[in-house]
Amino acid sequence: MELYREILENRENGAHRLVLEYGKRLYAAAVLLCANDSDAEELVFRTFEQAVKKIKLYDPQRDFFTWLYAIMRNFRRMDCRRRRVDVVPVGAPADLPESPSTAPEAIPGAGDGLLQTIRKLPLPLREAVMLHYFEDKSVDEAAAILGVPPGTVKSRLHRAREALAAFLEGSKS
Amino acid sequence: MTDDELDGILSAKIKRSLAGKSLPDAFSARLAASVRRSAKTYRLKMAAAALAGTFSVCAILGLAAARPARNAPQGAVAAYPAQNSTPAEEISQLGILGVLRECFRRPGRPRRRKEAESIRFTTTRKEEK
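So the sequences go chain by chain: A and B.
115 is the number that my numbering gives to position 115 of the first sequence; each next residue is one higher, with no gaps.
To convert, take the position in the second sequence, counting from 1, and add 173; that gives my numbering.
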């Protein structure tokens with residue numbers, strides 16, 4: 001049975017299946033978008049809760065993960081507006097760390113250092129990184145999901161790439 | 174290093190870093206419990222709304238109850254209010270609605286002014302005879 005039909009018929013069973021099928025993938029995306037793992041867990045919880053509550057609004061023609069991601073993205077943006085943290089206007093120069101190797105949690109060669117560097121990027125850049133590098137979305141697909149022109153996604157990826165390349169160079173030396 | 178090569182390296186490293194991340198074991202049970210609680214809360218709210226709606230309708234009927242019919246025999250309303258009352262009045266004579274009517278009745282006014290007047294009028298006419 002399709003997942004959304006199962007959620008419609010029996011919300012509890014549907015919630016279990018939702019976590020089974022999309023939990024790991026959505027959590028990984030949330031880890032990139034949030035400052036720490038516990039925030040990411042909380043964000044995923046609220047996303048799944050909202051998805052089950054509003055399952056009638058889901059359009060079966062759409063990709064289910066894209067719909068979940070849209071919910072999560074809205075929550076994340078609401079949280080950032082409330083805390084007024086790490087949301088920069090689109091087009092403004094990104095507030096990139098001066099030297100990734102001097103970041104407190106940066107451990108040369110360790111994956112966690114890369115995650116910490118990504119977490120220091122502004123939210124729009126992190127979204128582009130998550131969709132392009134983790135979800136393997138093309139620039140056009142990422143632009144459609146984010147609701148911005150492809151040129152904007154290319155610009156964000158370019159800025160993110162510069163910061164991450166600097167981190168990789170620093171971690172080699 | 175070209176952008177494509179860098180993209181390949183970054184993609185592999187990011188996926189490797191995130192491969193070890195997973196939700197806690199209790200996450201699924203916590204979500205199911207939350208869903209169950211929301212459904213219960215929704216049912217309680219609907220029941221409360223239905224009760225409030227029913228109560229409002231009854232209160233409106235009681236408060237808007239018509240006065241004794243104009244063509245009722247004089248004194249008959251006072252003597253036999255149940256037989257000569259309108260349907261709305263009969264409903265309003267139910268306990269709680271009667272209390273509500275009393276609450277909203279203007280202070281200082283007798284309960285059934287017209288009935289009192291009609292009794293007085295009847296009595297006066299009898300005396301004249």
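Don't read these hints as lab results, they were simulated from the structure.
Predicted model, so just to flag it, every value in this text is computed and none were measured.
No residue lacks a Cβ here, since even glycine has one placed at the ideal position from N, Cα and C.
One or more hints might be untrue.
To be verified - Covered stretches of chain B (chain A as the covering partner; in silico rule of three or more C-beta atoms under 8 Å from a C-beta of chain A): (1) 178-184; (2) 194-204; (3) 208-221.
Here is what the structure says about each hint:
Three residues within the 8 Å Cβ limit are the bar, and the region 178-184 of chain B against chain A gives 5, so the coverage statement holds. With 8 residues carrying a beta carbon less than 8 Å from a beta carbon of chain A, the region 194-204 of chain B meets the three-residue requirement, and the given coverage holds. Counting residues of the region 208-221 of chain B whose C-beta lies closer than 8 Å to any C-beta of chain A gives 4; at least three are required, and the coverage claim holds.
In the structure shown, no violation is registered for any of the earlier numbered hints.
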